[in-house]
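A.B. asks: Please construct the entire structure, taking both the sequences and the accompanying hints into account.
There are 2 protein chains.
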Amino acid sequence: MDRRITTIAFDADDTLWQNETFYRLTQERFAALLARHVEKDRLHERLLAAERRNLGRYGFGIKGFMLSMIETAIEVTEERVPAGVIGEIIAAGQEMLAHPIELLDHAREAVEALAADYRVLLVTKGDLLDQERKLAQSGLGDMFHAVEIVSDKNARVYDRIFRRHGDGPERALMVGNSLKSDVLPPIEAGGFGVHVPHGLTWALEHADPPDGHPRFFTLPDLSGLPALVERLNENLP
Amino acid sequence: MDRRITTIAFDADDTLWQNETFYRLTQERFAALLARHVEKDRLHERLLAAERRNLGRYGFGIKGFMLSMIETAIEVTEERVPAGVIGEIIAAGQEMLAHPIELLDHAREAVEALAADYRVLLVTKGDLLDQERKLAQSGLGDMFHAVEIVSDKNARVYDRIFRRHGDGPERALMVGNSLKSDVLPPIEAGGFGVHVPHGLTWALEHADPPDGHPRFFTLPDLSGLPALVERLNENLP
Chain A
1 MDRRITTIAF DADDTLWQNE TFYRLTQERF AALLARHVEK DRLHERLLAA
51 ERRNLGRYGF GIKGFMLSMI ETAIEVTEER VPAGVIGEII AAGQEMLAHP
101 IELLDHAREA VEALAADYRV LLVTKGDLLD QERKLAQSGL GDMFHAVEIV
151 SDKNARVYDR IFRRHGDGPE RALMVGNSLK SDVLPPIEAG GFGVHVPHGL
201 TWALEHADPP DGHPRFFTLP DLSGLPALVE RLNENLP
Chain B
1 MDRRITTIAF DADDTLWQNE TFYRLTQERF AALLARHVEK DRLHERLLAA
51 ERRNLGRYGF GIKGFMLSMI ETAIEVTEER VPAGVIGEII AAGQEMLAHP
101 IELLDHAREA VEALAADYRV LLVTKGDLLD QERKLAQSGL GDMFHAVEIV
151 SDKNARVYDR IFRRHGDGPE RALMVGNSLK SDVLPPIEAG GFGVHVPHGL
201 TWALEHADPP DGHPRFFTLP DLSGLPALVE RLNENLP
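These protein sequences, in sequence, are chains A and B.
Here the first sequence stands for residues 1 to 237, numbered as in the working numbering.
Here the second sequence stands for residues 1 to 237, numbered as in the working numbering.
Simulated from the structure, these hints should not be mistaken for lab results.
Treat the hints with care, since some could be wrong.
With the Cβ distance kept under 8 angstroms, some of the chain A side facing chain B (calculated, not the full set) [said to hold, decoys possible]:
no., residue
1, R57
2, G59
3, G64
4, L67
5, E71
6, I74
7, V76
8, E79
9, R80
10, V81
11, A83
12, I86
13, G87
14, Q94
15, L128
16, I149
So the derived label-pair ranges between C-beta atoms look like this [what the hints assert, rightly or not]:
no., chain 1, residue 1, chain 2, residue 2, range
17, A, T77, B, E78, 14 to 24 angstroms
18, A, L200, B, G139, 33 to 43 angstroms
19, B, P214, A, R29, 53 to 63 angstroms
20, B, A35, A, E112, 55 to 65 angstroms
21, A, R80, B, H206, 33 to 43 angstroms
No residue lacks a Cβ here, since even glycine has one placed at the ideal position from N, Cα and C.
C.D. replies: This is how it looks when you write it as structure tokens:
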């Protein structure tokens with residue numbers, strides 16, 4: 001039976017384009033707005049706690065981040081935050097939603113090279129409309145065989161996606177910057193996971209690497225991905 | 001060539017389960033919170049303007065509604081709204097996100113009856129996670145051949161969905177409560193559109209019925225849908 005990889009799935013945020021850096025910049029602005037009320041580290045701790053608490057109701061994405069910032073501003077000021085500051089938080093979030101995307105180095109070349117020989121997918125979480133906007137802006141949309149915007153990235157979700165758009169998880173490879181979302185669950189589903197670290201990773205995405213796992217790989221950036229896939233396929237029956 | 005209908009797509013909110021009624025209740029609560037600052041009709045007018053203005057950045061769903069309420073509260077009070085009131089608005093939105101769904105009359109029976117003979121789809125917009133939660137709660141999930149949560153419902157989107165999961169728009173029928181989102185665009189795509197009015201419809205979903213169009217139908221509730229589809233198919237080659 002042919003076991004070669006036929007399907008390559010890419011994460012989007014911080015794999016193909018910058019994302020976390022805009023969250024960090026907004027958090028800096030958030031801290032400056034509340035500097036009179038609370039010390040920066042303490043504020044970020046409270047914000048992270050709110051994001052964790054709200055993840056199950058808001059899911060991933062900028063709108064939930066905005067709501068968690070507002071909730072945190074009310075909480076840390078014991079309801080004394082002026083409405084004008086809340087207005088500034090909303091404006092900061094709306095700027096994130098309008099920010100032009102910045103493709104990461106080698107992203108276009110890697111997708112292009114692989115799209116010639118493989119079924120190339122995009123698998124991302126976050127707000128539906130915002131992810132669609134970023135994909136449209138990226139100019140990469142036409143290269144993807146399918147785009148899946150999902151509310152969570154777990155082994156069951158990858159299994160479903162790789163069956164629907166590919167030849168099952170065993171013949172699929174996922175690449176992304178988050179070990180927790182892009183690497184561990186596709187490996188658990190039976191596929192390959194390639195980690196391309198990004199300098200900045202959201203605290204809620206941290207996980208330990210599955211060092212020594214035969215289907216786990218790390219690359220410093222996307223430029224080496226086509227060669228890695230080719231090498232893997234040379235060694236598969 | 002066989003032209004009989006093979007694919008039946010359902011809208012979710014206010015077609016299978018209650019939705020707008022919870023928005024209206026929250027708007028009442030919103031008006032009560034701001035009663036000291038602004039008269040109710042004027043507030044609803046400002047809120048609708050904010051929702052319209054923000055639709056392109058937030059898309060559909062409760063999170064965007066929460067953010068538009070907060071923005072409106074700041075605007076109508078000229079930045080004097082107390083933080084405690086903003087906290088109440090967030091709490092009201094979170095209650096909407098946690099509210100158990102209420103199936104509409106005949107919804108289960110109609111989906112069940114049609115799922116036996118047709119490919120049955122769910123096509124809905126709104127926040128990804130919230131729609132998934134409602135579908136899971138509805139107990140109807142297993143009856144759908146596919147579920148599409150989309151950021152917008154236009155003719156192009158319906159065309160893509162009916163090609164992907166069915167035999168193209170010409171052999172598909174969409175049913176829902178919104179003429180603008182559930183009826184006009186599938187008809188424009190070449191399919192059938194069935195309007196099942198709900199007592200409450202969001203102002204931004206209003207549209208005129210395509211009276212006299214040969215592929216447009218109206219039903220008072222979902223109980224008549226299986227018979228309508230059967231009748232249509234008897235008259236198609």
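A.B. asks: All the hints need checking, so say for each whether the structure fits it.
C.D. replies: Each hint, compared with the structure:
no. : hint                                : result
1   : R57                                 : holds (5 angstroms)
2   : G59                                 : holds (3 angstroms)
3   : G64                                 : holds (6 angstroms)
4   : L67                                 : holds (6 angstroms)
5   : E71                                 : holds (6 angstroms)
6   : I74                                 : holds (5 angstroms)
7   : V76                                 : violated (11 angstroms)
8   : E79                                 : holds (4 angstroms)
9   : R80                                 : holds (6 angstroms)
10  : V81                                 : holds (5 angstroms)
11  : A83                                 : holds (4 angstroms)
12  : I86                                 : holds (6 angstroms)
13  : G87                                 : holds (5 angstroms)
14  : Q94                                 : holds (6 angstroms)
15  : L128                                : holds (5 angstroms)
16  : I149                                : holds (7 angstroms)
17  : A:T77 / B:E78: 14 to 24 angstroms   : holds (20 angstroms)
18  : A:L200 / B:G139: 33 to 43 angstroms : holds (41 angstroms)
19  : B:P214 / A:R29: 53 to 63 angstroms  : holds (56 angstroms)
20  : B:A35 / A:E112: 55 to 65 angstroms  : holds (58 angstroms)
21  : A:R80 / B:H206: 33 to 43 angstroms  : holds (41 angstroms)
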